[in-house]
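J.: Each chain, letter by letter, is given below.
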Amino acid sequence: MEPTVSVSELTKRFGRRTVLDGPTLRFGPGVTGLLGPNGAGKTTLLRILATTLAPDGGRVRALGLDPADRAQRTELRRRLGYLPQDPGFYPHFTVFELTEYVAILKELNDRRERHREVRRVLAEVDLTDRARTRVRGLSGGMRQRLALAQALLGDPGLLVLDEPTVGLDPEQRMRFRALVSRLGESRTVLLSTHQTEDVAALCERVVVMRGGRAVFEGTPAGLAATAAGRVWSSDRSPAASEVFWRTADGRYRTLGARPPGAVPAEPGVEDGYLLLLGGGSGDTGAAA
Amino acid sequence: MNTQWHLPGELIERYTTGHLEPVQVMSVESHLMGCARCREAVPYEREWLADGWERIEEVVDRPRPRVVARVLRRCGVPEHVAVFLAATPALARGWLVAVTATVVCAVAVAHLVDSAGAARTVHPLLFFLAVAPVLPLAGIALAYGPHVDPVHETQAATPMAGSRSLLLRALAVLVCAIALTGLATPLLPGPPGLAAAWLLPSLALTATTLALATRVAPPVSAAVLVAAWFGAVAAGGELTGDRLALFSPAAQILYGAATVLLIPLVYLRRARFDPGEPRWNRPSASRN
Chain A
101 MEPTVSVSEL TKRFGRRTVL DGPTLRFGPG VTGLLGPNGA GKTTLLRILA
151 TTLAPDGGRV RALGLDPADR AQRTELRRRL GYLPQDPGFY PHFTVFELTE
201 YVAILKELND RRERHREVRR VLAEVDLTDR ARTRVRGLSG GMRQRLALAQ
251 ALLGDPGLLV LDEPTVGLDP EQRMRFRALV SRLGESRTVL LSTHQTEDVA
301 ALCERVVVMR GGRAVFEGTP AGLAATAAGR VWSSDRSPAA SEVFWRTADG
351 RYRTLGARPP GAVPAEPGVE DGYLLLLGGG SGDTGAAA
Chain B
133 MNTQWHLPGE LIERYTTGHL EPVQVMSVES HLMGCARCRE AVPYEREWLA
183 DGWERIEEVV DRPRPRVVAR VLRRCGVPEH VAVFLAATPA LARGWLVAVT
233 ATVVCAVAVA HLVDSAGAAR TVHPLLFFLA VAPVLPLAGI ALAYGPHVDP
283 VHETQAATPM AGSRSLLLRA LAVLVCAIAL TGLATPLLPG PPGLAAAWLL
333 PSLALTATTL ALATRVAPPV SAAVLVAAWF GAVAAGGELT GDRLALFSPA
383 AQILYGAATV LLIPLVYLRR ARFDPGEPRW NRPSASRN
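Taken in sequence, the protein lines are chains A and B. By the numbering used here, the letter at position 176 of the first sequence is numbered 276, and the numbering carries on one by one without gaps. By the numbering used here, the letter at position 48 of the second sequence is numbered 180, and the numbering carries on one by one without gaps.
One should not assume that every hint holds.
What the hints assert, rightly or not - Derived list of chain B stretches under chain A, where covered just means 3 residues or more per stretch with a C-beta under 8 Å from a C-beta of chain A:
hint, region
1, 208-218
2, 396-408
Said to hold, decoys possible - According to the in silico footprint, chain B covers these stretches of chain A (three or more CB under 8 Å from chain B):
hint, region
3, 212-226
4, 365-375
Unchecked claim - Take a look, some chain B residues computed to stay more than 10 Å from chain A by CB distance:
hint, residue
5, LEU152
6, MET158
7, SER162
8, ALA168
9, ARG171
10, VAL199
11, LEU228
12, LEU312
13, GLY325
14, ALA349
To be clear, the hints were calculated from the coordinates, so they are not data collected in a lab. Just so it is clear, CB atoms sit at the ideal spot from N, CA and C, and this is done for glycine as well.
Please work from the sequences and hints to get the whole structure.
T.: So, in structure tokens, the structure goes:
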């Protein structure tokens with residue numbers, strides 16, 4: 101598979117803190133999820149790919165373009181859709197006005213063509229009926245959909261979505277997953293999330309980041325497989341030093357060493373993720 | 133409705149060529165609404181119909197342009213640029229009202245000082261001449277950047293990021309401030325030449341703000357220059373004994389020269405306004 105996005109030995113520091121510590125990654129068409137705890141470097145990586153932040157070192161190529169070059173960076177921005185972690189809005193603008201404003205930023209200068217595109221993306225995120233509503237009157241979920249609509253303007257070949265499911269209720273999350281998986285059929289979608297369910301549901305590939313490095317790169321099934329033989333189920337509470345939690349069926353799910361009387365359990369994406377981050381090693385010492 | 137009966141070809145031809153009586157047209161259209169086969173038989177241009185619907189949507193859906201956008205359109209500014217500038221935080225109603233109030237206040241102070249006979253201690257034009265040049269700086273400080281524009285992060289990932297947005301907005305703010313101040317100038321007491329002595333300082337301070345903004349954020353560069361300007365006006369009067377020393381013909385030549393020198397410098401360093409510009413592309417840094 102030809103990568104549409106590649107980064108090599110990427111570094112970024114904020115003051116004395118190293119946020120990206122040289123990850124080398126390749127992303128192809130489809131949906132790739134970035135998982136990681138706060139401060140893992142996910143947002144910084146996505147901001148660099150979205151060209152809103154320059155790296156301190158390393159190489160980036162996206163859609164065959166080098167964002168370090170001014171002309172190529174501008175061309176990349178024409179073909180890029182970006183949903184920031186904290187998308188800002190002009191609250192006194194209507195949904196249509198704000199989307200039109202971003203369309204102008206994306207150089208859709210012809211009014212009729214621009215309005216057609218605004219109507220198209222608002223329909224994509226099911227906000228057509230809210231086109232005349234002021235942003236201040238939208239719920240959190242609607243604002244998130246509005247931000248996604250802006251990212252879809254111009255039918256970008258690369259979509260960078262930073263925690264797009266934050267603030268969505270379960271129904272909206274389901275619709276969002278359907279939309280993103282459809283978008284991923286014809287383009288490269290990179291999304292960061294804290295939700296392992298999102299990754300399991302819609303990502304073909306997953307990258308787990310920790311401390312500015314990529315500690316896993318593969319499929320969600322591969323991430324789950326890393327936990328094979330280290331996930332246990334028991335009907336008695338394990339020792340407090342283990343990472344465990346009580347599941348809906350009343351049994352205890354434990355990561356790491358086998359507790360007395362426990363039986364092996366089918367590992368999931370979340371198990372693999374938690375174990376990669378240090379869960380079950382005995383040093384976390386808390387019931388999850 | 134009789135679905136066995138269909139419009140004869142001759143009737144369809146008379147309908148499409150407009151040779152039916154109104155009552156016959158109503159009858160034909162009533163049938164067409166319920167008969168897919170006859171609708172298929174009526175020739176029409178799909179593109180023409182789609183275009184027609186789009187025109188209707190444009191009339192129904194199109195948001196009314198904002199006041200600033202309408203004014204800019206009347207001044208000959210292209211439609212998409214007018215919509216873009218109307219979203220500039222610094223051109224929002226609050227800033228325009230503040231600038232207008234400041235100018236009115238400055239004119240009032242000039243007349244009060246003049247009529248109160250206090251001109252021996254304070255020159256009637258001093259307050260106006262000191263304040264007018266910094267009005268565009270306040271606008272530029274509010275025109276661009278993550279701390280003043282809620283949509284900055286989204287904008288930074290578009291082709292309009294960096295210098296294109298900042299310089300366009302700075303120009304609009306400058307023209308707006310100069311226009312408002314210029315309208316007030318004939319209302320001032322004193323010789324017209326002296327009353328207009330704010331113009332070149334205004335241009336020089338604006339150019340200096342932009343030049344400094346290639347190193348620090350626009351709000352910081354504007355704040356530093358406003359403080360420096362007021363300090364210079366006060367110090368100039370104290371040191372030379374001429375309260376309007378900074379508005380003398382010799383000083384005006386310096387402001388003009390500074391403007392002419394700084395504008396090309398801003399243009400040459402415009403890449404620094406781009407948050408995605410790597411440090412190694414900057415002349416002062418070597419590639420790591």
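J.: Would you list, in rising numerical order, the hints stated earlier that this structure does not obey?
T.: Hint check: 4 fails alone, others pass.
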